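Colleague: Sequence:
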Amino acid sequence: NQRLSELRSQAAIDELLRMEISRERIEIHDFGEFNPIYDNSTWEGRIRNRRVDVILWPDYTL
Numbered sequence: 005n006q007r008l009s010e011l012r013s014q015a016a017i018d019e020l021l022r023m024e025i026s027r028e029r030i031e032i033h034d035f036g037e038f039n040p041i042y043d044n045s046t047w048e049g050r051i052r053n054r055r056v057d058v059i060l061w062p063d064y065t066l
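Numbered according to the working numbering, the sequence shown spans residues 5 to 66.
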């Protein structure tokens, strides 16, 4: 699960970089199975926990 989470995170980073967002502005958190928000005992909960948390910091160079 952790490896899948890392791959999901990298895909999110790649997409943001493709959109020309500076890497310095991107903060990504992947937790795999270690930090579920939803109930992992249900199918829907497990699906919803397959996520990448993205923080996009402001661009202070403007």
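Just so you know, the hints here were simulated from the structure itself, not pulled from any lab data.
Note that the coordinates shown come from a computational prediction; the quantities given were computed from them, not determined experimentally.
Errors might be hidden in some of the hints.
As the list claims (entries may be wrong) - Pairwise CB distance ranges, derived in the manner of DEER restraints:
hint, residue 1, residue 2, range
1, THR65, ARG7, 30 to 36 Å
2, THR65, PHE35, 27 to 33 Å
3, TYR64, ASN39, 27 to 33 Å
4, ALA15, THR65, 23 to 29 Å
5, ARG50, MET23, 24 to 30 Å
6, GLU24, GLU48, 19 to 25 Å
7, PRO62, LEU8, 26 to 32 Å
8, GLU48, GLU10, 33 to 39 Å
9, ASP63, TYR42, 31 to 37 Å
10, ILE30, ARG54, 17 to 23 Å
Glycine included, C-beta positions come from ideal geometry on N, C-alpha and C.
Colleague: Are the hints correct? Go through all of them and say.
Modeller: Hints versus structure:
1. THR65 to ARG7: 30 to 36 Å: Between THR65 and ARG7, where Cβ atoms are some 35 Å apart, the hint holds.
2. THR65 to PHE35: 27 to 33 Å: holds, 31 Å
3. TYR64 to ASN39: 27 to 33 Å: Given range 27 to 33 Å: holds, Cβ gap about 29 Å.
4. ALA15 to THR65: 23 to 29 Å: holds, 26 Å
5. ARG50 to MET23: 24 to 30 Å: holds, 29 Å
6. GLU24 to GLU48: 19 to 25 Å: The hinted range 19 to 25 Å is violated for GLU24 and GLU48, with Cβ atoms some 35 Å apart.
7. PRO62 to LEU8: 26 to 32 Å: holds, 30 Å
8. GLU48 to GLU10: 33 to 39 Å: violated, 23 Å
9. ASP63 to TYR42: 31 to 37 Å: Check passed, 32 Å falls within 31 to 37 Å.
10. ILE30 to ARG54: 17 to 23 Å: holds, 20 Å
Comparing the model with each numbered hint stated earlier shows that hints 6, 8 do not hold.
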